[in-house]
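There are 4 protein chains.
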Amino acid sequence: SAGNRLAQQIDAILIVFIVVNVGLAVLETEPSIGGVYVWEIFLLDIIAGSIFAIEYLLRLWVSDLHPPLKKYGPLKARVVYALQPLSVVDFVAVVPFWLSLFFASISWKSLVILRLFRFLKIARYSPAVRSLVSAVVAEQRAIVGSLVLILGVVLVAATLLYSVEHAAQPEHFGTIPAALWWAFSTLTTVGYGDVVPVTAAGKMIASIVMLMGYCLFALPVGIVGTAFAREIHSRDFVVTWG
Amino acid sequence: SAGNRLAQQIDAILIVFIVVNVGLAVLETEPSIGGVYVWEIFLLDIIAGSIFAIEYLLRLWVSDLHPPLKKYGPLKARVVYALQPLSVVDFVAVVPFWLSLFFASISWKSLVILRLFRFLKIARYSPAVRSLVSAVVAEQRAIVGSLVLILGVVLVAATLLYSVEHAAQPEHFGTIPAALWWAFSTLTTVGYGDVVPVTAAGKMIASIVMLMGYCLFALPVGIVGTAFAREIHSRDFVVTWG
Amino acid sequence: SAGNRLAQQIDAILIVFIVVNVGLAVLETEPSIGGVYVWEIFLLDIIAGSIFAIEYLLRLWVSDLHPPLKKYGPLKARVVYALQPLSVVDFVAVVPFWLSLFFASISWKSLVILRLFRFLKIARYSPAVRSLVSAVVAEQRAIVGSLVLILGVVLVAATLLYSVEHAAQPEHFGTIPAALWWAFSTLTTVGYGDVVPVTAAGKMIASIVMLMGYCLFALPVGIVGTAFAREIHSRDFVVTWG
Amino acid sequence: SAGNRLAQQIDAILIVFIVVNVGLAVLETEPSIGGVYVWEIFLLDIIAGSIFAIEYLLRLWVSDLHPPLKKYGPLKARVVYALQPLSVVDFVAVVPFWLSLFFASISWKSLVILRLFRFLKIARYSPAVRSLVSAVVAEQRAIVGSLVLILGVVLVAATLLYSVEHAAQPEHFGTIPAALWWAFSTLTTVGYGDVVPVTAAGKMIASIVMLMGYCLFALPVGIVGTAFAREIHSRDFVVTWG
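The listed protein sequences derive, respectively, from chains A, B, C and D.
All the letters of the first sequence, read from the start, carry residue numbers 391 to 632 under the numbering used here.
All the letters of the second sequence, read from the start, carry residue numbers 391 to 632 under the numbering used here.
All the letters of the third sequence, read from the start, carry residue numbers 391 to 632 under the numbering used here.
All the letters of the fourth sequence, read from the start, carry residue numbers 391 to 632 under the numbering used here.
The set of hints was computed from the structure by calculation and includes no laboratory data.
Quick caveat: nothing in here was measured; it's all calculated off a predicted structure.
Careful, some of the hints might be misleading.
Copies of one chain are not kept apart here, so a pair can be met inside one copy or by any two copies together.
[Unchecked claim] With a cut-off of at most 25 Å between alpha-carbon atoms, the simulated SDA-like pairs for lysine to any residue come out as follows: (1) Lys461 to Ala558; (2) Lys593 to Val409; (3) Lys593 to Ser422; (4) Lys593 to Leu504; (5) Lys593 to Leu501; (6) Lys461 to Phe432; (7) Lys593 to Gly542; (8) Lys461 to Gln530; (9) Lys466 to Val482; (10) Lys461 to Leu489; (11) Lys460 to Ala591; (12) Lys593 to His556; (13) Lys460 to Pro560; (14) Lys593 to Ala558; (15) Lys593 to Val543; (16) Lys593 to Pro567; (17) Lys461 to Ala472; (18) Lys593 to Gly424; (19) Lys593 to Pro560; (20) Lys461 to Leu473; (21) Lys593 to Ser553; (22) Lys593 to Gly425; (23) Lys593 to Leu545; (24) Lys593 to Arg468; (25) Lys593 to Val426; (26) Lys461 to Phe492; (27) Lys593 to Ile503; (28) Lys593 to Val534.
Work the whole structure out from these sequences, hints included.
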């Protein structure tokens, strides 16, 4: 229908707006951009802050008409809506800017993390992101179990390397927390190479840790990958309500 | 049949030709080869340019006989054929060379990327490459969703490390775009090690980012891997028309 | 039931206790913590040692009431229970501390690996960890086969690089055991970069090794991942007895 | 049966022998071992050479009794057997040693790669390795297709980085073959970090290459992983003949 087409166009415009806005928050930290186009950026911040504020208020206003919320009264329906995860994201994406505008002591620039919250607003328009969240929720027990296992291996690896290497490299393996940095970067196969075992025993243990990292990789793939693929395909047959 | 055997042999010769040609474009940048065998390489370029030009013109000539294109007139059939992706690849693989030959201002050597386009011609002869393209097209929504998610995590990781490390390492984490380089290399588990967090907070956040990269890996595997395996096997029962 | 609720609460308290305890063993190696809060840590060690000892003794005491062990007499049931893997973990988690307390020649601090054994106690409360163990046991033949294969590729890669690079880099590729360190870090895609081939032949062989590492990755994923996912889901329908 | 038990025990002894032998070939390159235990190693080499020679000759001798070869005459059956892959491995594992013993000009030590061929003999006793070979053969078209694709991406990545970075880093990106080294180490997510883009354009292209490497990983997993898992399980129901 025409209403549906209009809704899709507004969605597309809002997505472009979010991406431009997040890109701006990123580029602003570059002095050659953030230091030069001060007023242009401020103007765009005000426009974005206004649009997102209007979007939020409109969504809140009409939320008592949504079928699942109709049963509550007009006030309670809006409170229930405002507490949904996506509404909280909308709220956090818009409020800090206006606070920083009215209270000089809060610098909007320092709220760079909150500005990136706007990126999460894309989740509202992306069924794939919602599918992933569903997959993670559905498999939460298996994911927690895998994380416990991976953390256990990281702990044991760090402690072993600490025992073996802390005499040879006190600056890198002097404490277990320091060795944990090596263990994480090795087990996830990132392998920065800033900290590397130098003793023969350390290299042998590290080789086994690498092999384990190589194999433990199978766990998230087996769990999240399968569940995500399942969610994506089941979505195809379900009418979603944003 | 004998005609079929001949076609297969011509295909095999053309594949060898493409590989030799691409290999030459790569080796030519090595001064000890490109600077010495100038005339031999030029000769091979002319031969390759001629063969690919003749192949393209012949394919275009007979394209109005292909069953799916017969319904159009002789001219429209050839236009439709010329606009198909594989025909565009054939065209781009051959035209720049002849342009550079006749217009001295365009150096064929500087068109090194266009020369590698010839490698894409192999796709015409490889069902597996076509299967992958089909798999990617079939799962495009899931792939876009995963990319949005991965980019979101990269953005958040870069911003967090920027907040935590930009005082300690202004040369590496001085701006968010600079931190993005670190975030990409960490989340994809490449881990060059040219940029590494040094503060305790930075290392803790980086460890979580590594773990997320380790787990998010499951998404492309779950989506592309499964779809590709499915395409490959369904191909076995389908007669393809090149 | 109320008894069930109480059991769950005790389980939760014990998990928190284990995590605190392992975290303490890790942090203690940091001089700014282990050197300052000497008495506080000693006190916590005594409390943990007591709780885990009481837990172990109580479990051993009531073990003859468990249905599968009832058929043995009261003594034999307890011996059978004490030899189960989880009971051995409980035992190893508690005994070294008390030995180090009574025999001054054994330093509890030096037993840092044994202290981390307490982390394994979490396996008792995590069905996911038990599922992984089941999956590994069920697929042990395939896992051993993959490991043989991966080790074979590592050996061949190390020997080839040793042949090609040991003249150019005697300090890194002077012996095959030294080259093995490179081969492990490359094939598992960790890639520290502390040892890198420098000759053209070495780089070509290394590129093939990287590609093989990239592909061999498929083995653990295909085996462990699938088996783990299967175990996790079959667990859902099984009443477990801890 | 007793004969079966004896065969299994001989198999186990031979596997241990192979592992000891390969381990020795590796350790011999370490001067502190290879330079000291000269005679002990020579003795072990003679024993291994004799055992493997006797094993090969016995297997060849009785090969005309194997049911699938019975139909040939006694001579042709042995020739057919000698040309099977596993027999060739047995032959290559044993002949070079005896040649080097009788012809002084060939140094056994320099044949280090041929000595590692003995490791391949383990394949005879490992159903998992044979399953992997079957899986690779069954999926050869898909594997070749994936490799073509991965090599195409490597080529394009190397050429792009060469165009963008060869002015800034002529020592690392001065030619496309040099850039290929970077492309392989990045796309396979190894990421040594010895060669890293420094320009903004180079880093942006490199980020996309990393993301592609992260996603292309799905191909071998989807193909080899699934096929291997299938082979492993089908093996369970098949009586194999070594």
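Verification of the supplied hints:
1. Lys461 to Ala558: neither (69 Å within a copy, 55 Å between copies)
2. Lys593 to Val409: between (45 Å within a copy, 21 Å between copies)
3. Lys593 to Ser422: between (45 Å within a copy, 18 Å between copies)
4. Lys593 to Leu504: between (43 Å within a copy, 21 Å between copies)
5. Lys593 to Leu501: This pair counts as between: shortest inter-copy Cα distance 21 Å, intra-copy 43 Å.
6. Lys461 to Phe432: Intra 42 Å, inter 59 Å, cutoff 25 Å: neither.
7. Lys593 to Gly542: Result: close both inside a copy and across copies, 20 Å intra and 18 Å inter.
8. Lys461 to Gln530: Classified as neither: same-chain Cα gap 31 Å, cross-chain 38 Å, threshold 25 Å.
9. Lys466 to Val482: within (21 Å within a copy, 56 Å between copies)
10. Lys461 to Leu489: Answer is neither: 34 Å inside a copy and 66 Å across each miss the 25 Å cutoff.
11. Lys460 to Ala591: Neither: 67 Å inside a copy, 46 Å across copies.
12. Lys593 to His556: both (13 Å within a copy, 19 Å between copies)
13. Lys460 to Pro560: neither (65 Å within a copy, 53 Å between copies)
14. Lys593 to Ala558: Both: 13 Å inside a copy, 22 Å across copies.
15. Lys593 to Val543: both (17 Å within a copy, 18 Å between copies)
16. Lys593 to Pro567: both (19 Å within a copy, 10 Å between copies)
17. Lys461 to Ala472: within (16 Å within a copy, 58 Å between copies)
18. Lys593 to Gly424: Close across copies (21 Å), not inside one copy (47 Å); limit 25 Å.
19. Lys593 to Pro560: both (16 Å within a copy, 18 Å between copies)
20. Lys461 to Leu473: within (17 Å within a copy, 56 Å between copies)
21. Lys593 to Ser553: Intra 13 Å, inter 21 Å, cutoff 25 Å: intra and inter.
22. Lys593 to Gly425: between (48 Å within a copy, 23 Å between copies)
23. Lys593 to Leu545: Close inside one copy (17 Å) and across copies (15 Å); limit 25 Å.
24. Lys593 to Arg468: neither (60 Å within a copy, 42 Å between copies)
25. Lys593 to Val426: Between copies, since 24 Å is at most 25 Å while 51 Å is not.
26. Lys461 to Phe492: Result: close neither inside a copy nor across copies, 38 Å intra and 69 Å inter.
27. Lys593 to Ile503: Close across copies (18 Å), not inside one copy (39 Å); limit 25 Å.
28. Lys593 to Val534: Between copies only: 22 Å across chains, 30 Å inside a chain, cut-off 25 Å.
Checked against the numbered hints above, the structure breaks hints 1, 6, 8, 10, 11, 13, 24 and 26 and satisfies the rest.
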